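Trainee: Please take these sequences and the hints and turn them into a complete structure.
These protein sequence lines map, in sequence, to chains A and B. Residue numbering for the first sequence follows the numbering used here, beginning at 1 and increasing consecutively. Residue numbering for the second sequence follows the numbering used here, beginning at 1 and increasing consecutively.
Pair by pair, the computed Cβ-Cβ distance ranges are:
#: 1; chain 1: A; residue 1: 56; chain 2: B; residue 2: 3; range: 25 to 33 Å
#: 2; chain 1: B; residue 1: 72; chain 2: A; residue 2: 17; range: 42 to 50 Å
#: 3; chain 1: B; residue 1: 27; chain 2: A; residue 2: 83; range: 23 to 31 Å
#: 4; chain 1: B; residue 1: 10; chain 2: A; residue 2: 105; range: 18 to 26 Å
#: 5; chain 1: B; residue 1: 67; chain 2: A; residue 2: 15; range: 44 to 52 Å
#: 6; chain 1: B; residue 1: 57; chain 2: A; residue 2: 28; range: 18 to 26 Å
#: 7; chain 1: B; residue 1: 2; chain 2: A; residue 2: 95; range: 26 to 34 Å
#: 8; chain 1: B; residue 1: 73; chain 2: A; residue 2: 39; range: 24 to 32 Å
#: 9; chain 1: B; residue 1: 15; chain 2: A; residue 2: 57; range: 44 to 52 Å
#: 10; chain 1: A; residue 1: 9; chain 2: B; residue 2: 57; range: 25 to 33 Å
#: 11; chain 1: A; residue 1: 29; chain 2: B; residue 2: 57; range: 13 to 21 Å
#: 12; chain 1: A; residue 1: 8; chain 2: B; residue 2: 22; range: 30 to 38 Å
#: 13; chain 1: A; residue 1: 51; chain 2: B; residue 2: 15; range: 43 to 51 Å
Hints are computed from structural coordinates only; laboratory data are not their basis. Being a predicted model, the structure only gives us computed values, none of them experimental. Just so you know, even glycine gets a beta-carbon here, dropped at the ideal spot from N, CA and C.
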Amino acid sequence: DQQVKQNSPSLSVQEGRISILNCDYTNSMFDYFLWYKKYPAEGPTFLISISSIKDKNEDGRFTVFLNKSAKHLSLHIVPSQPGDSAVYFCAASVVQKLVFGQGTRLTINP
Amino acid sequence: NAGVTQTPKFRVLKTGQSMTLLCAQDMNHEYMYWYRQDPGMGLRLIHYSVGEGTTAKGEVPDGYNVSRLKKQNFLLGLESAAPSQTSVYFCASRPQMSWDNEQFFGPGTRLTVL
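Mentor: So this is what it looks like as structure tokens:
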């Protein structure tokens, strides 16, 4: 069973606009949620995280929102830039491990 | 600091051949992980280690073995490669004390099994 799901395989956004990437989860025991960004032929790099006891965390252009009742989190990127084009993975932390979603490919159009 | 490095970057195997992927980290991290990434599947955990001399199974361990003889190295072995093991393999590490479980990833090894 897929405990962490990213239901949108791809997303296309115009440069300067807001990008919103979504993630759903099923396990209430997850204690932290993380977003990773991945460029082709590179390893994933950490972007931002949020504790399960928070509902928002912000870091520059990136904001993550957590809705525990809906078991849903989202990553907002404002404003979107061409360098943001990448695959974004949502991950959830439990014990010593991370469980990853399938990823969403974000394309920023000029 | 080189961070997390993986050797080799690319490899092509024939069915039934064996090989070992090497992961090394210079951050003195206690925890190390091996993942595989397949299209539409995200990253799936194969095996992990919480310290030198320890290993544990992840979500998809079948067909793989691991060893952590030194703290800085984590080896992933394929004893008899199968086409289903064609994938991109990522190694990751993290310190024992990590408030959000952030893991640091290597650049990956692209493996093709014919």
